[in-house]
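Keeping the supplied structure of chain E fixed, place chain Y upon it in accordance with the hints.
2 protein chains.
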Amino acid sequence: MPGRVTHERLMREALHLAEENVQDGGGPFGAVVAKDGDLLARGANRVTPAADPTAHAEIVAIRRACQALDDFSLDGCALYASCEPCPMCLGAVYWARLDALYYAATQDDAARAGFDDAFIYDELATPPTERQLRTEHMMAEKGKRPFETWRAHEGRVEY
Amino acid sequence: MPGRVTHERLMREALHLAEENVQDGGGPFGAVVAKDGDLLARGANRVTPAADPTAHAEIVAIRRACQALDDFSLDGCALYASCEPCPMCLGAVYWARLDALYYAATQDDAARAGFDDAFIYDELATPPTERQLRTEHMMAEKGKRPFETWRAHEGRVEY
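Each protein sequence line maps, in turn, to chains E and Y. Count along the first sequence from 1, then add 581; that gives the number in the working numbering. Count along the second sequence from 1, then add 581; that gives the number in the working numbering.
Bound conformation, chain E alone (with noise of 0.2 Å):
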């Protein structure tokens, strides 16, 4: 397992990302994923230049680290985060697989620099059809046959 010079110096790594991430004029995120305690991936919050809402730094250094690995599977790895996740980006976490995850700034901290993804978690533990965005569900019966496909195809990869 790594110590505790070893976390220091990646999240130091994803803190540095998040700094110069401003000048080079994306958000104040950073983060790293890292096997071993040794750096497989950068990524910082490219939404605003690349006009994309999933490139948060975390998202980015997840794609770049199974990139890396060719593998979509991060298991034996941990994130290093410059700040909390948000609740996409803690979803990657998860499909990812990541043994481990870092983070420096809370939510709150966040939240006071003008990000605040407190609404996405309420939002997300209401039931679907109760939330502020509008929902709609429509053609149960439908919706079910592409699991049946599924299902029915034998060279289906599971994950």
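Honestly, the hints are just simulated from the structure, not real lab data. Some hints here could point you the wrong way.
Any copy will do: because identical chains look the same in the list, a pair fits if it lies in one copy or spans two.
As the list claims (entries may be wrong) - Capping the alpha-carbon separation at 25 Å, the derived lysine to any residue pairs in SDA-like fashion look like this:
1) K616 x E717
2) K725 x F696
3) K725 x D652
4) K723 x D703
5) K723 x R678
6) K616 x R678
7) K723 x V586
Chain Y in isolation, oriented as in the chain E frame:
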């Protein structure tokens, strides 16, 4: 506002993408983004073939719609997803500022096909240090600095 016939046509396209994607080596999920009833972008789940855990159908469709509009905001657009979005994709729906979400299959349908995101929803609703994911808050003071740099940066693009 698009009427019922338009909603069903767009959802049928999302379901067609999901079915087709199974034969094409991906997962049984499809999504489209539309504006005023016109299709803007398509997406299908490419997690295993692209080795990208974030390549869910909704994320792929959102990124492509943003590229098509050259805008990080999909204000005025709607997402049609073959299945109720996972927390990662639902977070992306909010960040993309989509106006509406339509879905066909439910979380329960997905779980029966082996795609269980209830665990992720539960984890997100749990305080960070009590989650099953190993999580550590560190370097709290240094973590605030990127936000100070951001607030002092006159050229910042807020979103």
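Checked hints:
no.: 1; hint: K616 x E717; in the structure: between (41 Å within a copy, 16 Å between copies)
no.: 2; hint: K725 x F696; in the structure: between (37 Å within a copy, 13 Å between copies)
no.: 3; hint: K725 x D652; in the structure: neither (29 Å within a copy, 33 Å between copies)
no.: 4; hint: K723 x D703; in the structure: neither (30 Å within a copy, 28 Å between copies)
no.: 5; hint: K723 x R678; in the structure: neither (31 Å within a copy, 27 Å between copies)
no.: 6; hint: K616 x R678; in the structure: within (13 Å within a copy, 34 Å between copies)
no.: 7; hint: K723 x V586; in the structure: between (54 Å within a copy, 15 Å between copies)
Checked against the numbered hints given earlier, this structure breaks hints 3, 4, 5; the rest are met.
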